[in-house]
Structures are given as structure tokens and as C-alpha cells.
Amino acid sequence: GRRLPSEKEWEYAARAGAPALPEHERPLEPKSANFWQGVFPILDTGEDGFKGMSPAGCFEANGYGLFDMIGNVWELTGDIYRPTHAPMTVENLSSGRNEPTQADYPAYVIKGGSYLCATSFCARYRPDARQPMDAYLGSSHTGFRTAR
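In the working numbering, the protein residues as written are 537 to 684.
Treat the hints loosely; a few may be bogus.
[As the list claims (entries may be wrong)] Per label pair, the in silico range of CB-to-CB distance: (1) 676 - 642: 16 to 22 Å; (2) 556 - 671: 23 to 29 Å; (3) 537 - 677: 24 to 30 Å; (4) 659 - 614: 22 to 28 Å; (5) 603 - 583: 15 to 21 Å; (6) 658 - 603: 19 to 25 Å; (7) 621 - 680: 17 to 23 Å; (8) 683 - 555: 18 to 24 Å; (9) 537 - 576: 39 to 45 Å; (10) 680 - 579: 25 to 31 Å; (11) 579 - 672: 31 to 37 Å; (12) 614 - 587: 27 to 33 Å; (13) 556 - 619: 15 to 21 Å; (14) 576 - 538: 33 to 39 Å.
[Unchecked claim] DMTMM-like, lysine to aspartate or glutamate: derived pairs with alpha carbons at most 25 Å apart: (15) 544 - 596; (16) 567 - 596; (17) 587 - 565; (18) 544 - 664; (19) 544 - 670; (20) 567 - 664; (21) 567 - 583; (22) 567 - 580.
Keep in mind that the hints were calculated from the coordinates and are not lab data. Beta carbons are placed, not taken as given, at the ideal position from N, Cα and C, and that holds for glycine.
Go ahead and model the full structure; you've got the sequences and the hints to work with.
Structure follows, in C-alpha cells:
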């Protein structure tokens, strides 16, 4: 009995009880998570100790004891992607997803950012960041964790 967490569950776990902060108040030190430092996509200086993916558990755990919730690899959730954080319900299911636009291929929400996120490029290494990932598309910088 394991499953992918919902987007809401994933954010709750990533925040570890901390409130959501405005983007300009979200500190992220190079040694707190694995993300791109340097000139993207030309040079990753590896100030966090890694150029590319790092082994799990190389950075300090959050308040719930969870490692690598931010940075390193995007994490797949069990939620179908919609352009807003609104949960998928029977009422809004018929509207489908708006991005990517191929309705035949479902997209799921991925969270947390990856080692390819840079302050000058995507800056999505925070709990509330989200983006779609096609269900049938593989990626070297996307992983998953399970929930009960």
C-alpha cells in the first residue's frame, strides 16, 4: 500500500510546518539544497558540492526529518496538472488540463525543483513551485517518493 502523494500532501511535507513565504523572503543558501550555481546553462560552479544530481541525504533534513524535498530532482505527485493549485474535482475534470496542450497525454504535477534550477532561469526550488510533466515522458532529473 504505497502511492504518490497529492500535491497538497507533498507541500505540507516539504514545508514541515513552516508557513508559506513570499518569494523574496525565501532564503536558499548554496549548501542547503542541490540546485544550479553559476551561469545557467553554461557553468555549474558546484558551490553546493555537486555538479548534477547528488546522492539522497547529502543535505540537512527538514523539520519532519525528510531529506531533499527541495532541489536535486523534481518529484512526481499523483495529481493531474492544472494551471492553478485548485484540486481536481469531478466538476472541473471536464475542463481538462491547459498545459501541455495534448489532451491524449496526461500531465502530472512535479514539485521541488532540481539541480537544473537556477536563480537566473527557473528558481523553482521551493515548496509551492510546480510544473507539469507528461506522464509518458522520462527525465534524468525527476524522481518520486511514496506516501501511505
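Hints versus structure:
1. Distance hint check for residue 676 and residue 642: the Cβ-Cβ separation is about 21 Å, which falls inside the suggested range of 16 to 22 Å.
2. Between residue 556 and residue 671, the C-beta spacing of about 28 Å keeps the proposed range 23 to 29 Å intact.
3. The hint said 24 to 30 Å for the Cβ distance between residue 537 and residue 677, and at roughly 28 Å that hint holds.
4. As the Cβ distance of residue 659 to residue 614 is approximately 25 Å, the hint placing it in 22 to 28 Å holds.
5. For the hinted restraint 15 to 21 Å between residue 603 and residue 583, the CB-CB distance of approximately 19 Å keeps it satisfied.
6. At about 22 Å, the beta-carbon gap between residue 658 and residue 603 stays in the expected band of 19 to 25 Å.
7. Range check, residue 621 to residue 680: Cβ separation about 20 Å, and the 17 to 23 Å hint holds.
8. For residue 683 paired with residue 555, a C-beta distance near 22 Å keeps the hint of 18 to 24 Å intact.
9. A beta carbon spacing of about 40 Å between residue 537 and residue 576 agrees with the range 39 to 45 Å that was offered as a hint.
10. Taken as a hint, the range 25 to 31 Å holds for the pair residue 680 and residue 579, whose Cβ atoms sit roughly 29 Å apart.
11. For the pair residue 579 and residue 672, the beta carbons lie near 32 Å from each other, so the given range of 31 to 37 Å is met.
12. For residue 614 paired with residue 587, a C-beta distance near 31 Å keeps the hint of 27 to 33 Å intact.
13. At roughly 19 Å, the beta-carbon separation of residue 556 and residue 619 lies within the given 15 to 21 Å, and the hint holds.
14. A hinted range of 33 to 39 Å for the beta carbons of residue 576 and residue 538 is consistent with their spacing of about 35 Å.
15. Restraint check: the Cα-Cα separation between residue 544 and residue 596 comes to about 22 Å, which is no more than 25 Å; the hinted pair holds.
16. A hinted pair counts as satisfied when its Cα atoms are at most 25 Å apart, and residue 567 with residue 596 qualifies at roughly 9 Å.
17. Pair hint residue 587 plus residue 565 holds up; C-alpha atoms about 16 Å apart against a cutoff of 25 Å.
18. At roughly 9 Å between alpha-carbon atoms, residue 544 and residue 664 fall within 25 Å of each other, so this suggested pair holds.
19. Of the pairs offered as hints, the one joining residue 544 and residue 670 holds, with about 19 Å between alpha carbons and a cut-off of 25 Å not exceeded.
20. At most 25 Å may separate the alpha-carbon atoms for a hinted pair to count; residue 567 and residue 664 meet this at roughly 20 Å.
21. A C-alpha spacing of about 7 Å is found between residue 567 and residue 583, which places the hinted pair at or below 25 Å, so the restraint holds.
22. Proposed proximity of residue 567 and residue 580 is supported: the alpha carbons are some 14 Å apart, at most 25 Å.
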